[in-house]
Amino acid sequence: MGSFLDWFLPPGASTFAADIDRIYYAVLIITGIAFVIVEAGLVWFAIKYRARPGRKATYTHGSMRAEMIWTAIPAVSVVALGIWSGTVWNNIKARDSIPEGALEYAVMVSQFEWMFTYAGRDGEIGTADDFTLRNQLHVPVGRAVVLRLQSEDVIHSLFIPAFRVKQDIVPGMHMAVWFEATQTGRFEIACAELCGNGHTTMGAMTTVHSTAEFDEWVASRPATTALR
Amino acid sequence: MATTALPQEAAHAEAHELPFIRKYIFSTDHKIIGIQFLLMSLAFLGIGGFAAMLIRWQLGFPDVAIPGATILPETMAPGGYLLPEFYNSLVTMHGTLMVFFAVMPLLVGVFGNFLIPLKIGAPDMAFPRLNMWSFWIAVPAGVLMLSGFFVEGGAAGAGWTSYAPLSANSEYSGVFLGQQLWLLSLAVLGLSSILGATNYITTVVNLRAPGMTWFRLPLSIWALFITAILVLLAIPILSGAAIMLFFDQTIGTHFFDATGGGQPLLWQHLFWYFGHPEVYILILPGMGMVSDIIANGSRKPVFGYHSMVYALIAIAFLGWIVWGHHMFQSGMNPTLGMGFMISTMLIAVPSAIKTFNWMGTMWRGSIRFHVPMLHAITFVAMFVIGGLSGIFMASAPVDIFIHDTYFIVAHLHYVLFGGSLFAIFAAVTYWYPKMFGRMMDPFWGKVHWAITAVAFNVTFFPMHVLGAQGHMRRIYDPNQYEFLQPLQGTNTLITIGALVLFGAQFIFMGNFVISWFKGRKAPDNPWDDNGVEWTVHSPPPHLNFAETPVIYRAAYEYSSPLVEEDYLPQTRNLGSDSGPAAKPAAG
Amino acid sequence: MAHPAVMQTPANRELGSGVYNEKLGIWVFLGSEVMFFTALIGSYIILRFSNPGAFAAPNTVLNIPVTATNTFLLICSSVTMVKAFAAAHDNDMAKMKWYLLATTLIGASFVGVQIYEYTHLIHSGFLPSGLREGSHFAELATAGELGLGTPDAGVAGIYGSTFYTMTGFHGFHVTVGVICLTYVTTKAFRGKYAQTDHRGIEVIGLYWHFVDLVWIILFTIVYLI
Numbered sequence: 001m002g003s004f005l006d007w008f009l010p011p012g013a014s015t016f017a018a019d020i021d022r023i024y025y026a027v028l029i030i031t032g033i034a035f036v037i038v039e040a041g042l043v044w045f046a047i048k049y050r051a052r053p054g055r056k057a058t059y060t061h062g063s064m065r066a067e068m069i070w071t072a073i074p075a076v077s078v079v080a081l082g083i084w085s086g087t088v089w090n091n092i093k094a095r096d097s098i099p100e101g102a103l104e105y106a107v108m109v110s111q112f113e114w115m116f117t118y119a120g121r122d123g124e125i126g127t128a129d130d131f132t133l134r135n136q137l138h139v140p141v142g143r144a145v146v147l148r149l150q151s152e153d154v155i156h157s158l159f160i161p162a163f164r165v166k167q168d169i170v171p172g173m174h175m176a177v178w179f180e181a182t183q184t185g186r187f188e189i190a191c192a193e194l195c196g197n198g199h200t201t202m203g204a205m206t207t208v209h210s211t212a213e214f215d216e217w218v219a220s221r222p223a224t225t226a227l228r
Numbered sequence: 001m002a003t004t005a006l007p008q009e010a011a012h013a014e015a016h017e018l019p020f021i022r023k024y025i026f027s028t029d030h031k032i033i034g035i036q037f038l039l040m041s042l043a044f045l046g047i048g049g050f051a052a053m054l055i056r057w058q059l060g061f062p063d064v065a066i067p068g069a070t071i072l073p074e075t076m077a078p079g080g081y082l083l084p085e086f087y088n089s090l091v092t093m094h095g096t097l098m099v100f101f102a103v104m105p106l107l108v109g110v111f112g113n114f115l116i117p118l119k120i121g122a123p124d125m126a127f128p129r130l131n132m133w134s135f136w137i138a139v140p141a142g143v144l145m146l147s148g149f150f151v152e153g154g155a156a157g158a159g160w161t162s163y164a165p166l167s168a169n170s171e172y173s174g175v176f177l178g179q180q181l182w183l184l185s186l187a188v189l190g191l192s193s194i195l196g197a198t199n200y201i202t203t204v205v206n207l208r209a210p211g212m213t214w215f216r217l218p219l220s221i222w223a224l225f226i227t228a229i230l231v232l233l234a235i236p237i238l239s240g241a242a243i244m245l246f247f248d249q250t251i252g253t254h255f256f257d258a259t260g261g262g263q264p265l266l267w268q269h270l271f272w273y274f275g276h277p278e279v280y281i282l283i284l285p286g287m288g289m290v291s292d293i294i295a296n297g298s299r300k301p302v303f304g305y306h307s308m309v310y311a312l313i314a315i316a317f318l319g320w321i322v323w324g325h326h327m328f329q330s331g332m333n334p335t336l337g338m339g340f341m342i343s344t345m346l347i348a349v350p351s352a353i354k355t356f357n358w359m360g361t362m363w364r365g366s367i368r369f370h371v372p373m374l375h376a377i378t379f380v381a382m383f384v385i386g387g388l389s390g391i392f393m394a395s396a397p398v399d400i401f402i403h404d405t406y407f408i409v410a411h412l413h414y415v416l417f418g419g420s421l422f423a424i425f426a427a428v429t430y431w432y433p434k435m436f437g438r439m440m441d442p443f444w445g446k447v448h449w450a451i452t453a454v455a456f457n458v459t460f461f462p463m464h465v466l467g468a469q470g471h472m473r474r475i476y477d478p479n480q481y482e483f484l485q486p487l488q489g490t491n492t493l494i495t496i497g498a499l500v501l502f503g504a505q506f507i508f509m510g511n512f513v514i515s516w517f518k519g520r521k522a523p524d525n526p527w528d529d530n531g532v533e534w535t536v537h538s539p540p541p542h543l544n545f546a547e548t549p550v551i552y553r554a555a556y557e558y559s560s561p562l563v564e565e566d567y568l569p570q571t572r573n574l575g576s577d578s579g580p581a582a583k584p585a586a587g
Numbered sequence: 001m002a003h004p005a006v007m008q009t010p011a012n013r014e015l016g017s018g019v020y021n022e023k024l025g026i027w028v029f030l031g032s033e034v035m036f037f038t039a040l041i042g043s044y045i046i047l048r049f050s051n052p053g054a055f056a057a058p059n060t061v062l063n064i065p066v067t068a069t070n071t072f073l074l075i076c077s078s079v080t081m082v083k084a085f086a087a088a089h090d091n092d093m094a095k096m097k098w099y100l101l102a103t104t105l106i107g108a109s110f111v112g113v114q115i116y117e118y119t120h121l122i123h124s125g126f127l128p129s130g131l132r133e134g135s136h137f138a139e140l141a142t143a144g145e146l147g148l149g150t151p152d153a154g155v156a157g158i159y160g161s162t163f164y165t166m167t168g169f170h171g172f173h174v175t176v177g178v179i180c181l182t183y184v185t186t187k188a189f190r191g192k193y194a195q196t197d198h199r200g201i202e203v204i205g206l207y208w209h210f211v212d213l214v215w216i217i218l219f220t221i222v223y224l225i
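Chains as they are written, first to last, in this note's numbering: chain A, 1 to 228; chain B, 1 to 587; chain C, 1 to 225.
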């Protein structure tokens with residue numbers, strides 16, 4: 001059982017995971033401070049200013065200076081946070097953020113499965129040596145990969161927690177999401193958008209190989225007819 | 001439409017005892033309509049809560065049959081185990097019932113109706129008959145919504161947000177009629193809300209008693225007024241979208257169907273363009289009423305009354321330009337993310353202003369811990385958590401990870417339950433004496449408050465942790481995923497908390513019902529409050545005031561040096577007061 | 001609006017806005033209506049821009065002369081509505097009655113023409129779900145005479161979806177207006193309005209002008225552009 005106060009994110013395994021986690025922890029600290037101030041203040045005031053015989057409340061309508069302080073501090077903090085977040089966001093999700101030479105995959109999703117089409121030995125999608133695997137994504141470590149996502153039926157959402165990757169896949173639209181794994185191993189893929197009765201079963205697995213292992217693995221795959 | 005009955009005639013006509021059906025069923029009295037909304041929405045609150053218990057049982061004890069659930073039909077829970085399709089229906093209906101049929105009518109329908117005329121010194125709403133209709137349109141909407149459970153294919157199962165095309169096409173969801181009933185119900189309820197909002201706005205603008213200037217209005221009325229504007233402008237967007245989706249399902253239009261030229265994302269834009277103002281519809285009245293109660297409990301004027309009003313307006317305005325933050329990961333153009341992120345973050349500013357002003361109101365007060373005050377303080381404490389957790393998902397990169405996880409579920413429940421529902425408990429316990437003429441039992445009130453406050457946090461606080469571990473929301477069986485299996489213990493803990501939380505509400509219901517018949521007779525002004533409603537009998541007579549009240553001052557003159565007592569009613573003429581035409585007292 | 005409930009405002013009370021309740025109420029309600037049509041028209045604009053080839057050229061599917069005449073009718077009814085209100089204001093009750101009756105009848109004929117238009121369009125194969133296979137319009141589409149990007153009837157579906165939803169909801173509003181006008185006209189003929197009190201006429205008038213205005217927008221963006 002995870003600890004009641006375990007606010008740490010699971011270990012990240014992609015290049016931008018650390019950037020996201022850094023903002024998360026920064027927000028955790030900022031909001032943590034605000035949380036303590038407010039909650040402690042409420043408790044303190046509740047005890048200190050409880051009704052007691054012979055004491056009357058102080059008659060005051062407020063303080064302009066106090067209003068200025070608690071308007072300005074949050075305003076400055078959130079705008080700063082917003083600008084920082086915006087930079088990281090653009091590096092991850094902006095349409096021109098996909099690194100040059102990223103390894104391409106075509107991903108077709110439907111209720112309730114993931115079809116990953118690989119570029120094959122020539123490294124290019126749409127050629128004869130492409131092959132397709134169901135619910136299995138194999139990628140090389142240390143190289144950017146881009147998944148070209150399409151949905152056949154309803155909205156699904158590609159979620160790879162360890163890579164801090166999430167992207168809805170809307171029918172009729174072409175989505176792309178990229179990441180670069182930083183460690184080898186197996187990482188789960190989940191569907192994060194309610195997509196029907198089998199939503200809960202719509203999992204898949206990413207396997208991150210070392211470069212040599214990945215090339216070997218690709219070479220050993222027979223080409224299959226791409227599903228599309 | 002244009003007959004003018006003279007006021008004397010009306011008063012005479014009403015003096016005759018109305019038949020039961022006109023007095024309590026098809027009543028045009030805003031107080032009776034408020035109570036009707038109260039009973040209806042408490043019933044829906046119970047049903048919505050029960051749905052949540054079934055959901056929680058599935059997540060907390062997936063290997064144990066739900067006790068007694070064998071009475072449910074095979075299409076829902078064979079052998080006492082929920083089917084995934086029924087689980088989806090429960091998730092959908094829990095959200096829908098709580099948002100549209102419990103919290104929204106509790107805040108807007110109940111207190112909008114009950115408080116507005118009383119607090120502004122008006123005999124009734126501007127359009128009493130329209131008011132009656134807005135209740136009696138809401139009832140069939142509720143029946144339509146619940147009937148989804150009894151039709152073939154089950155109730156709507158695409159989530160309360162009903163994203164197309166899952167919601168548009170029964171081939172994908174397996175739900176046929178249920179989804180259409182869901183949409184019809186919301187369109188009908190929308191009409192009820194729009195009629196109600198029209199009424200509230202007209203009443204507040206036109207029928208304020210002499211001397212009740214805008215800046216003498218209690219914050220509860222400010223909040224309800226601004227909420228009514230949001231309802232008026234946001235609900236028709238949902239109605240339009242719901243009708244389009246309904247046509248997609250029934251007459252084969254293609255609004256949200258990509259294969260016919262439609263756009264699934266259009267639904268999301270329309271839904272959230274309505275949906276974010278809706279979020280504020282669900283919290284602003286609570287903020288307003290809590291402000292009234294905290295000032296009363298602290299025996300002090302509201303700290304920074306004007307900032308409180310401007311903060312309400314700012315939140316309502318920002319609510320219209322932030323909807324895209326629900327859609328960061330939706331495939332919407334990522335460039336828009338930046339703008340939506342900054343506008344969303346800015347909401348923290350008016351929220352912080354309100355929070356610190358509530359604390360400022362308590363500062364150097366003389367706090368009376370009556371039951372409404374306990375709930376009101378808890379509202380502030382919980383709303384802060386919900387507000388702060390909102391900053392996480394406002395940051396689009398962090399949202400990549402926590403979007404569609406339990407972090408969101410935790411956030412929205414801290415705002416909607418920790419916020420709105422605690423405000424509702426505060427308001428119900430505060431105005432109960434005025435509604436029913438009897439006091440609720442304070443001992444059981446405190447027991448209910450204590451258990452609810454603790455169980456609420458046991459239920460929802462660990463959900464942040466689930467979210468931080470990547471636990472998706474709306475998922476029937478998280479144990480399908482290896483990375484979620486270690487979280488089973490947390491899920492079980494949450495379920496235990498939820499069961500206690502649900503159980504504690506029976507204390508409230510018991511107190512509510514028993515006090516109605518057996519409670520101590522309420523005096524006119526049990527809380528020593530300044531509001532206009534406390535100058536009349538509990539419960540107030542038909543048309544409220546024997547003669548039109550005259551207002552001399554702002555709503556929160558507690559502990560004023562001008563008088564011996566620690567409160568100074570808005571209607572009390574000190575002799576030195578220059579009369580209703582006077583400018584509002586400074587501050 | 002449809003439920004004329006009157007608040008007995010005490011004589012000693014000044015109305016906060018200086019405008020009587022019904023008039024303020026209808027303005028507020030129309031604010032809601034604006035948002036409703038914004039949702040429909042906004043969706044239309046988005047869908048049209050994303051499917052430039054799916055909307056038929058003007059005057060191929062829709063019959064502009066007929067609808068232009070209908071538009072003219074509706075504008076006329078707004079004029080007669082204004083005349084009715086002015087007559088009431090000038091205490092010319094006979095004139096008011098006949099102008100109200102004229103407004104009601106013209107409004108009803110607008111609905112009649114719209115029903116005729118729908119019947120004709122559906123008969124020729126233009127449906128909310130797209131062009132009916134084998135129908136007159138489907139043949140024209142295949143022959144490339146509708147100005148569609150592709151002659152694919154399925155793609156043309158979004159055209160019918162938006163057309164029927166927008167004009168249908170406008171027609172529904174006109175129908176509700178005609179029903180209310182019938183009520184007001186009946187009351188007028190029974191002599192229930194006076195120079196000092198003709199609020200009902202002003203309120204229904206405001207609604208009627210709003211519906212007219214919406215139609216002018218719809219006619220422009222659906223039929224002409």
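In short, the hints are calculated from the structure, not lab data. Backbone N, C-alpha and C fix where the C-beta goes; we use that ideal spot for every residue, glycine too. Check the hints yourself; a few may be wrong.
Claimed, not checked - Computed list of lysine-lysine pairs in DSBU-like fashion (alpha-carbon distance at most 30 Å, straight line):
| hint | chain 1 | residue 1 | chain 2 | residue 2 |
| --- | --- | --- | --- | --- |
| 1 | C | LYS83 | C | LYS23 |
| 2 | C | LYS97 | C | LYS83 |
| 3 | C | LYS83 | C | LYS192 |
| 4 | C | LYS187 | C | LYS95 |
| 5 | C | LYS23 | C | LYS187 |
| 6 | C | LYS95 | C | LYS83 |
| 7 | A | LYS56 | B | LYS518 |
| 8 | B | LYS446 | A | LYS48 |
| 9 | B | LYS23 | A | LYS56 |
| 10 | B | LYS23 | C | LYS97 |
| 11 | B | LYS23 | C | LYS192 |
| 12 | C | LYS23 | C | LYS95 |
| 13 | C | LYS95 | B | LYS23 |
| 14 | B | LYS518 | B | LYS446 |
| 15 | B | LYS518 | B | LYS23 |
| 16 | C | LYS97 | C | LYS187 |
As the list claims (entries may be wrong) - With beta-carbon atoms standing in for the labels, derived distance ranges:
| hint | chain 1 | residue 1 | chain 2 | residue 2 | range |
| --- | --- | --- | --- | --- | --- |
| 17 | A | GLU39 | B | THR548 | 40 to 46 Å |
| 18 | B | PHE50 | A | ALA102 | 35 to 41 Å |
| 19 | B | THR335 | A | GLU39 | 53 to 59 Å |
| 20 | B | ALA450 | A | ALA102 | 52 to 58 Å |
| 21 | B | ALA43 | C | ALA94 | 50 to 56 Å |
| 22 | C | PHE49 | A | GLU39 | 30 to 36 Å |
| 23 | A | ALA94 | B | ILE313 | 30 to 36 Å |
| 24 | C | THR119 | A | PRO99 | 32 to 38 Å |
| 25 | C | GLU145 | B | ASP477 | 31 to 37 Å |
| 26 | A | TRP44 | C | ILE45 | 26 to 32 Å |
| 27 | C | VAL82 | B | GLY339 | 54 to 60 Å |
| 28 | B | LEU39 | A | ASN91 | 38 to 44 Å |
| 29 | B | ASP477 | A | GLY126 | 57 to 63 Å |
| 30 | B | TRP320 | C | ILE45 | 37 to 43 Å |
Now for the hints, and whether the structure bears them out:
1. LYS83(C) / LYS23(C): Status holds; Cα separation ~18 Å.
2. LYS97(C) / LYS83(C): 10 Å, holds
3. LYS83(C) / LYS192(C): Holds: LYS83(C) and LYS192(C) sit about 18 Å apart, inside 30 Å.
4. LYS187(C) / LYS95(C): 14 Å, holds
5. LYS23(C) / LYS187(C): 18 Å, holds
6. LYS95(C) / LYS83(C): 8 Å, holds
7. LYS56(A) / LYS518(B): 34 Å, violated
8. LYS446(B) / LYS48(A): 20 Å, holds
9. LYS23(B) / LYS56(A): At roughly 44 Å apart (the allowed maximum being 30 Å), LYS56(A) and LYS23(B) break the hint.
10. LYS23(B) / LYS97(C): Roughly 37 Å between the alpha carbons, so the hint for LYS23(B) and LYS97(C) is violated.
11. LYS23(B) / LYS192(C): 29 Å, holds
12. LYS23(C) / LYS95(C): It holds: about 23 Å lies between the C-alpha atoms, which stays within 30 Å.
13. LYS95(C) / LYS23(B): 42 Å, violated
14. LYS518(B) / LYS446(B): 18 Å, holds
15. LYS518(B) / LYS23(B): Answer holds: LYS518(B) to LYS23(B) is near 22 Å, not above 30 Å.
16. LYS97(C) / LYS187(C): 9 Å, holds
17. GLU39(A) / THR548(B): 40 to 46 Å: 45 Å, holds
18. PHE50(B) / ALA102(A): 35 to 41 Å: Violated, at about 50 Å.
19. THR335(B) / GLU39(A): 53 to 59 Å: 38 Å, violated
20. ALA450(B) / ALA102(A): 52 to 58 Å: At roughly 56 Å between Cβ atoms, ALA102(A) and ALA450(B) fall inside 52 to 58 Å, so the hint holds.
21. ALA43(B) / ALA94(C): 50 to 56 Å: Hint holds: Cβ distance 55 Å, inside 50 to 56 Å.
22. PHE49(C) / GLU39(A): 30 to 36 Å: 50 Å, violated
23. ALA94(A) / ILE313(B): 30 to 36 Å: 34 Å, holds
24. THR119(C) / PRO99(A): 32 to 38 Å: 59 Å, violated
25. GLU145(C) / ASP477(B): 31 to 37 Å: 56 Å, violated
26. TRP44(A) / ILE45(C): 26 to 32 Å: 55 Å, violated
27. VAL82(C) / GLY339(B): 54 to 60 Å: Since VAL82(C) and GLY339(B) have Cβ atoms about 44 Å apart, the given range 54 to 60 Å is violated.
28. LEU39(B) / ASN91(A): 38 to 44 Å: 54 Å, violated
29. ASP477(B) / GLY126(A): 57 to 63 Å: Violated, at about 37 Å.
30. TRP320(B) / ILE45(C): 37 to 43 Å: 18 Å, violated
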